[in-house]
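Generate coordinates for the entire structure from the input sequences, incorporating the hints supplied.
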Amino acid sequence: MTSNTLLIEPIIALVSGILILFQPRLLNYIVAIYLIVVGAIGLSHRLSF
Numbered sequence: 001m002t003s004n005t006l007l008i009e010p011i012i013a014l015v016s017g018i019l020i021l022f023q024p025r026l027l028n029y030i031v032a033i034y035l036i037v038v039g040a041i042g043l044s045h046r047l048s049f
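Each residue of the sequence shown is one higher than the one before, counting from 1 in the numbering used here.
Label pairs and their computed distance ranges (CB to CB):
#, residue 1, residue 2, range
1, S48, F22, 34 to 40 Å
2, I18, R46, 27 to 33 Å
3, L43, V15, 20 to 26 Å
4, L26, S48, 30 to 36 Å
5, L19, S48, 26 to 32 Å
6, P10, S48, 19 to 25 Å
7, L7, L43, 16 to 22 Å
8, L47, G17, 24 to 30 Å
9, A13, R46, 18 to 24 Å
10, R46, Q23, 32 to 38 Å
11, A40, L14, 16 to 22 Å
12, S48, I20, 29 to 35 Å
13, S48, P24, 32 to 38 Å
Honestly, the hints are just simulated from the structure, not real lab data. Here the structure is a predicted model, which means the values were calculated and not measured. Think of the CB as a built atom: it goes at the ideal place given N, C-alpha and C, for glycine as much as any other residue.
In structure tokens form, the structure reads like this:
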């Protein structure tokens, strides 16, 4: 993993946690978006040589 990925994932997790804390109804959407973003980041690093 590059340093960009190591920096992006904790920021996404922190923002997601804060949003869930203030708007619990957003939990499903935030979890789905988080998983999509982390999956896309993971795939982009595996597909780039």
